[in-house]
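Quick mapping for you: the protein sequence lines, in order, are chains A and B.
All residue numbers for the first sequence refer to the working numbering, where the first residue is 1 and numbers rise by one.
All residue numbers for the second sequence refer to the working numbering, where the first residue is 1001 and numbers rise by one.
Please note: incorrect hints may appear among the correct ones.
Computed footprint of chain A on chain B; a stretch qualifies when at least three of its residues, placed anywhere within it, have a C-beta under 8 Å from a C-beta of chain A [unchecked claim]:
id : segment
1  : 1038–1044
2  : 1086–1094
Derived DSSO-like pairs: lysine-lysine, alpha-carbon spacing no greater than 27 Å straight-line [said to hold, decoys possible]:
id : chain 1 : residue 1 : chain 2 : residue 2
3  : B       : 1092      : A       : 340
4  : B       : 1025      : A       : 340
5  : B       : 1092      : A       : 471
6  : A       : 451       : B       : 1092
7  : B       : 1093      : A       : 460
8  : B       : 1088      : A       : 460
9  : A       : 460       : B       : 1025
10 : A       : 265       : B       : 1025
11 : A       : 471       : B       : 1025
Calculated from the structure, these hints are not laboratory results.
Where is the CB? At the ideal position from N, CA and C, for every residue including glycine.
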Amino acid sequence: MTGFTGHVGFAGYIQLVYVLVAVLFVVGLHLMNSPATARRGNQVAMVGMIIAVAATFVLLIHAGTVTTTGWIVLIAGALIGSGVGLYAAQRVQMTAMPQLVSAFNAVGGGAAALVAIYGYYDAESRGSVLGTTSVFSVLDVLIGSVTFSGSIIAAGKLQGFIPSQPFIFRGSRLINMALAVIALGTGAFLFSTASLPAMLVLVLAALAFGVMMVLPIGGADMPVVISLLNAFTGTAVAMAGFVIGNWALIVAGALVGASGSILTKLMADAMNRSLANIIIGGFGTGDSAVAIGGPVDAQVRSIAADDAAIQLAYAQKVIIVPGYGLAAAQAQHGVAELAKVLEDHGVEVSYAIHPVAGRMPGHMNVLLAEANVPYPQLVEMEQINPEFARTDVALVIGANDVTNPAARRPGNEISGMPILDVDQAKSIIVVKRSMGHGYAGLDNELYYGPKTSMYFSDAKKAMTELTAAVKTLVG
Amino acid sequence: MSAALLTDLTIFILALLVGIEVIGKVPATLHTPLMSATNAIHGIVLVGALLIGVTAHTTVGYILGFVAAVFAGANVVGGYVVTGRMLKMFRKKAPQPSQPELESLNGHKGLKGLADRVGIGRGQS
């Protein structure tokens, strides 16, 4: 229908415009390689999108086959959707970004699936002989539907509508396998025989599979899941591009697919877990998360606000180690204020950011940026690890497993996981609500170390107390 | 395999390679905005949704087109707006305007802080 198949007619010129759009997307993403140019990158990509939509309207008008109802339906739909998207984007709190990204993955994947479903339905309703179904239609519907339902479940877990604990029941893996077999079997059947009912079975099986795929995955694995679903969405959009023969969709989908795949790999590496292990589940689900080898009878030292303030105020160099607990307590502004008071007093403050801190890749950076922390202070793991030995106080706020020295030893749940070398600092203050375990269900040996003091409090309250104490101290 | 499909596949694979090359250079600091920006970019599926209109002429067709347009519209607009919002927060230096706010919170120069914020009395020392 959008046919650029051999001869360069009007649609061919529009296709050229789509190539320009693809160039703008690539340039836009390229500008994202530095915080200084990233805003311009987003704007360049946005210009590309506006050109793409405008070219599509030109194509629609030129085709002259769009019915009045068709125009109303499409424009009303696009406007309503835009309104919802705008509202959500302006209202969302930065702690809730992972949910929003998941929601956008859901609608993107859903729309991509609908493009192929419509193409299928349209061909049948016109009575045209379908012959065989293209592999791209099947893949588009399959991946798009899995992304749609999976992302909704992921967003629900992140928002707390659905318990974030891994949800596994007896036989759930069997159901997963059955659904996968049905979906793939139907897909294979569709290659040889075109059939609308079979297509519907494929859609339903894929939707159910998406739900069952994400339900067993725990909250702390969300950075991986979101990245993976992001890659899926991109792939589904690229497949939709094959279905309608549109280069803009193919290129944009490939770019997003590449980006999502890279982030998925980075996140899985940072958790020292294979993708298969995360998807199949079993980590922290009760059947394998037995706390092993922790120094159970060891004592921890707790510290009062005044003593902690003295350590912080008279330090030369402080590294703050934020984790998901900080985001959950909405303590990012409190941390930033404490850091500012310390800096005004001449203390060198930086932040150590573990790749999986937060609920999506880079989440902690956005939260701290929101609290006006300048980005040069946010230091990645590889760069900051050598700094800990020269650090007077490491202030750990709501981070657990990523600071556990047990990761350096073989034979436990987190062996081999890259960690922040917090234990190398001269003194360590850990802000934590209780001695509860981290996600891996392991005791954190850092807490029992001779240089470590525990400050038992909610992160937000702790920051207020510490800031007040430091201010009293330094006048 | 048709010539058109061959072209499409070539474009897809080259775009994948370009994507891996370009995105591999994005620092971890920007991973959330990156994901959000790519979110907006896959909103290009709006083009696919709109093209449904070329042939849609039945109720089912209109409904499918409408839902696809709502989904894709939300995706593209929401994605760009929230990415822009996030990137605006990334600063190299701590912003100055927070100074009078802190002072007024301390209780000192409260009125001056307020005056600074509303822009009265600028220029007086």
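Do the hints match the structure? See the list:
With 7 residues having a beta carbon nearer than 8 Å to a beta carbon of chain A, the segment 1038–1044 of chain B meets the requirement of three or more and the stated coverage holds. Chain A is given as covering the segment 1086–1094 of chain B, and this holds because 9 residues of the stretch bring a CB closer than 8 Å to a CB of that chain, at least three being needed. For the hint pairing residue 1092 of chain B with residue 340 of chain A, the CA-to-CA distance comes to about 15 Å; that is within 27 Å, so the pair holds. With a C-alpha separation of about 31 Å, the suggested pair residue 1025 of chain B and residue 340 of chain A falls outside the 27 Å cut-off, and the hint is violated.
A hinted pair counts as satisfied when its Cα atoms are at most 27 Å apart, and residue 1092 of chain B with residue 471 of chain A qualifies at roughly 26 Å. A distance of roughly 33 Å separates the Cα atoms of residue 451 of chain A and residue 1092 of chain B; the hinted pair therefore is violated under the 27 Å criterion. For a cut-off of 27 Å, the pair hint linking residue 1093 of chain B to residue 460 of chain A stands: about 24 Å separates their Cα positions. Of the supplied pair hints, the one linking residue 1088 of chain B and residue 460 of chain A holds, its CA atoms being roughly 25 Å apart against a limit of 27 Å.
For the suggested pair residue 460 of chain A and residue 1025 of chain B, the alpha carbons sit about 34 Å apart, so the restraint of at most 27 Å is broken. A C-alpha spacing of about 14 Å is found between residue 265 of chain A and residue 1025 of chain B, which places the hinted pair at or below 27 Å, so the restraint holds. Proximity of residue 471 of chain A to residue 1025 of chain B is assessed by CA-CA distance (about 41 Å); at most 27 Å being required, the pair is judged violated.
Consistency note: the structure conflicts with the earlier hints numbered 4, 6, 9 and 11.
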